[in-house]
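Participant: Here's the letter readout for the chains.
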Amino acid sequence: MTTRRLVLSRSAAIIGAASSGLLLPEIVRAQSGKVRVGFMLPYTGTFAQLGVAIENGFRMALNEQGGKLGGREVEFFKVDDESNPAKGIENASRLVERDKVDVLVGTVHSGVQMGIHKVARDTGVLNLIPNAGVHIATRGQCAPNVFRTSFSNSQPTLALGKAMVERGHKKAVWITWNYAAGDEAFEGFEKSYTEAGGTIIKKLGLPFPNVEFQALLTEIASLKPDAVACFFAGGGAAKFLRDYAAAGLNKNIQLYGSGFLTEGVLDAAGDAANGVLTTMHYSDSLDTPANKKFRLDYAKTFKLQPDVYAVQGYDTGLLLVKGANAVKGDLSNKKALYAAMEGATIDSPRGKWSMSKSHNPVQDMYLRKVDNKENKVIGIAQKAVADPGTGCRMG
Amino acid sequence: MDLANFLIQLLNGLQYGLLLFMLAAGLTLIFGIMGVVNLAHGSFYMIGAYMAWSMSALFGNLFVAIVVGALLSVALGWALEWVLFRHFYHRDHLDQVLLTFGLIYIFEEARSLLWGDDVHAVQMPASLDWAIPLTDNLSYPVYRLVMAGICVLLALGLYLLISKTRLGMKFRAGAFNHDMTEALGINIRLIHGIVFALGVGLASVAGMIAAPISSVYPNMGSTVLIMCFVVVVIGGIGSVRGALVASLLVGLVDTFGKVLLPQVAGMLVYMLMAAVLLYKPEGLFKH
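Residue numbers (this note's numbering), protein chains in the order written: chain A, 69 to 463; chain B, 10 to 296.
Worth flagging that the hints you see were computed from the coordinates, not collected in a lab.
There could be a bad hint or two in this list.
As the list claims (entries may be wrong) - With a Cα cut of at most 20 Å, we get these calculated SDA-like pairs of lysine to any residue: (1) A:270 / B:271; (2) A:319 / B:141; (3) A:271 / B:10; (4) A:102 / A:402; (5) A:360 / A:432; (6) A:102 / A:141; (7) A:270 / A:236; (8) A:361 / A:132; (9) A:441 / A:318; (10) A:319 / B:144; (11) A:292 / B:14; (12) A:270 / A:251; (13) A:271 / A:294; (14) A:425 / A:213; (15) A:441 / B:203; (16) A:292 / B:12; (17) A:292 / B:13; (18) A:239 / B:146; (19) A:271 / B:275; (20) A:270 / B:124; (21) A:292 / B:10; (22) A:371 / B:14; (23) A:441 / B:130; (24) A:425 / A:456; (25) A:271 / B:270; (26) A:371 / B:124; (27) A:270 / B:15; (28) A:390 / A:143; (29) A:271 / B:276; (30) A:390 / A:127; (31) A:270 / B:265; (32) A:271 / B:222; (33) A:270 / B:268; (34) A:444 / A:425; (35) B:179 / B:203; (36) A:271 / B:272; (37) A:319 / B:145; (38) A:371 / B:127; (39) A:319 / B:140; (40) A:441 / B:141.
Turn these sequences into a full structure, and let the hints guide you.
Facilitator: So this is what it looks like as C-alpha cells:
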C-alpha cells in the first residue's frame, strides 16, 4: 500500500544511504589526495592588478618545484574578495567551509584581512598573508597558523628615520591619510625619526581617500621644514607626487616616503617624482642575481613585468613549499609544518629573510631614489628590520 | 595663519569649489529639470578623464582631445537618455537610484575592460605647465588658474543660457511644470534629451580638464560624486546659482577645515550640509 508515510520514509532511507556515501571520500581524501590551496584576493576593483600579481608569483614558485607540494598534486580554489571588508568573513568562510581548503592565501586589503583573520583563528586553517600589513595580525592577535610574507605597515617607515637624519633633515612634517594604514606607518616613522634625533614639527592628515592636497601643501610651505615624510599609495600617491612638484615644494623640501608612494605610479607621476627617496623591502631595480633571475623568469612566463606584489606572492609559494616538504605533504601535521615555516630562511628576490617570532618577515629595508621612472636602490636604509610584535603571545 | 597664507588658502578653496561646480551644475540640472537622481554622474567624470588620457595620446594634443571628448560625451549622454533614462521620469526615485547605481558598476567594469586598472598620467600642455611663485618656497600651478577660469566662463555661459535664451526658458518651464509645458506644445522630450546630454557633457569635460592634475585611476568618480551630491543638496536641487554658491562654500570649508580643524575635516562638509538643511530644508536657493 503506497501511503504518503511509506513514500516519505523510503525516500529518507534512500537519501540517508546515498549521503553516507558522500562521507567516504571525505575520510579517504584526508591526506593522500590533492592539496587544496585557496586564493582569496582582489581580482576586480582598484587592487585587481595586485591580486593577479600575487597569484602569478605564487604559481611560479610552485611550478619551480614541479607544481607539487611535498610530493602531492595541488588543486586551486579562488574567491574574488573585491577588497570589500564587509564580505571578508563570508568569502573566507566559503573557501574554508565549502571548498575545504588546506591553505588560504590572502589578501591585499587590511580591512578584508581582519575578516580572514577571524576565520583563520576560529577554524585553525593555515593562512598565508601575501600583502596586508595590518599590525594586529602579527601582534596582539597573532596565531600559530597565520604567517605573513610581506611586511607590517610600520616596517618601511621604521627604516626611514635614520636615513633622513643622516642626510641632515632634522625637522620634518609628516602627512598621510587618517586611516589604519596611515596611522600604523606613522608609528614606525615616529619611533625611528625621534630615536635618530629628528623632530616632527607637525603631523598632517586628511580624510581617506580625499586627494585634495592643495590646502595641506600650502600649510607645509608655511611651516618651512627640512623635509616631508609621508605615506600614500595608488592613484592618491601619483596625485600627491604631481601636486607636490607642481607647487614647487620639491625644490627646497626633500620628499621622503614609505616605499608605496612610488610603487606602480611612476609612469603616472612622471618627472614630478624625480629625486623622491623611499624605503621599502624591495625594488624592481635591485641588482642581485636572485632578483635578476626572478624578473626574467616572471617576464617570460607572464609577459608582464613583476612588482613587489609578485615577489610577495612568490615568497608565499616558497614558504609553503618549504613547509610542505618538511612534513612530506602531510599538512595535518601542524606542529611540524608550523615549525618548519617558522625556521625557514627564504631566498627571495628581495634578499634572504626569515620569520620573526610573531610570524612576520625580518628583512632588510632598501633606500631607493626615483630616477627617470625607476626606483634606483642607493643603499640599505636598515638591515634586518623586524616588527616589534607587541602583545603577541605564542610561546 | 598670516595674511599671505590665508589668501593662498582662499585661492585653493575657490579653485576646488569651481571644479566642483562644473560637476554639480550638470547634476543639479538633470535632477531639477528632469527629476532624475543620477548616481552615475561620477562615472561620467571618470569616463571623461579616461577619454582625455587615451585621446591625448592619440591626437598628441590635450585641447583637441577635450573638444573631441566633449562631443563624444554629449553624444553618449543623448544616447543614454534616449535608450534608458527616458523610461524612468515617471518612476519612483528608488527605481532611478537602482538604475544609476547599476550603471556605476557597468561603467567601472567597462573601464576595466577598455582601459585596464593602472594609474595613468595625462600630459599637461607645455604652454600651461609652469607655476607662479607665491612665496619663497611655494608656487601656484598656472594650469589650476586656467581650470578655474574655464569654470567661471562656464558658470557665465550657463547663466546666460538659462536666464537669457528661449531654450533656457523652456528648461525652466519644464522644471516648473512638466505636463503643462508639454500641453503648451513645447517638445519636452527634446528638452530632456538636451539637458541630459548637457549634464553628461559637463561632467565629462570636468573630468577631462582635471585629468592632468588628478591623474587617471579606477574609482576616481566615487569620491567626487559624494561631494557633488552634497553641493547639490546644499545649493538647492535644480538651481544652478545655488550650485555655484554651494560649491564655493564646500570648497572653502573643505580647504580651511583641513588646515584649521584636521581631526574633524572629514565631517565638516556634512555638518555644513546638516546646518543648511536645518535652516533651509530645500537648500539655499529654489529654482
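Participant: Could you run down the list of hints and mark each one as holding or not?
Facilitator: These are the hints, each one checked on the structure:
no.: 1; hint: A:270 / B:271; verdict: holds, 12 Å
no.: 2; hint: A:319 / B:141; verdict: holds, 14 Å
no.: 3; hint: A:271 / B:10; verdict: holds, 17 Å
no.: 4; hint: A:102 / A:402; verdict: holds, 17 Å
no.: 5; hint: A:360 / A:432; verdict: holds, 18 Å
no.: 6; hint: A:102 / A:141; verdict: holds, 5 Å
no.: 7; hint: A:270 / A:236; verdict: holds, 18 Å
no.: 8; hint: A:361 / A:132; verdict: holds, 12 Å
no.: 9; hint: A:441 / A:318; verdict: holds, 16 Å
no.: 10; hint: A:319 / B:144; verdict: holds, 13 Å
no.: 11; hint: A:292 / B:14; verdict: holds, 13 Å
no.: 12; hint: A:270 / A:251; verdict: holds, 14 Å
no.: 13; hint: A:271 / A:294; verdict: holds, 14 Å
no.: 14; hint: A:425 / A:213; verdict: holds, 13 Å
no.: 15; hint: A:441 / B:203; verdict: violated, 44 Å
no.: 16; hint: A:292 / B:12; verdict: holds, 16 Å
no.: 17; hint: A:292 / B:13; verdict: holds, 14 Å
no.: 18; hint: A:239 / B:146; verdict: holds, 16 Å
no.: 19; hint: A:271 / B:275; verdict: holds, 16 Å
no.: 20; hint: A:270 / B:124; verdict: violated, 39 Å
no.: 21; hint: A:292 / B:10; verdict: holds, 14 Å
no.: 22; hint: A:371 / B:14; verdict: violated, 50 Å
no.: 23; hint: A:441 / B:130; verdict: holds, 12 Å
no.: 24; hint: A:425 / A:456; verdict: holds, 10 Å
no.: 25; hint: A:271 / B:270; verdict: holds, 13 Å
no.: 26; hint: A:371 / B:124; verdict: holds, 18 Å
no.: 27; hint: A:270 / B:15; verdict: holds, 19 Å
no.: 28; hint: A:390 / A:143; verdict: holds, 18 Å
no.: 29; hint: A:271 / B:276; verdict: holds, 19 Å
no.: 30; hint: A:390 / A:127; verdict: holds, 15 Å
no.: 31; hint: A:270 / B:265; verdict: holds, 17 Å
no.: 32; hint: A:271 / B:222; verdict: violated, 25 Å
no.: 33; hint: A:270 / B:268; verdict: holds, 12 Å
no.: 34; hint: A:444 / A:425; verdict: violated, 32 Å
no.: 35; hint: B:179 / B:203; verdict: holds, 11 Å
no.: 36; hint: A:271 / B:272; verdict: holds, 11 Å
no.: 37; hint: A:319 / B:145; verdict: holds, 10 Å
no.: 38; hint: A:371 / B:127; verdict: holds, 16 Å
no.: 39; hint: A:319 / B:140; verdict: holds, 13 Å
no.: 40; hint: A:441 / B:141; verdict: violated, 26 Å
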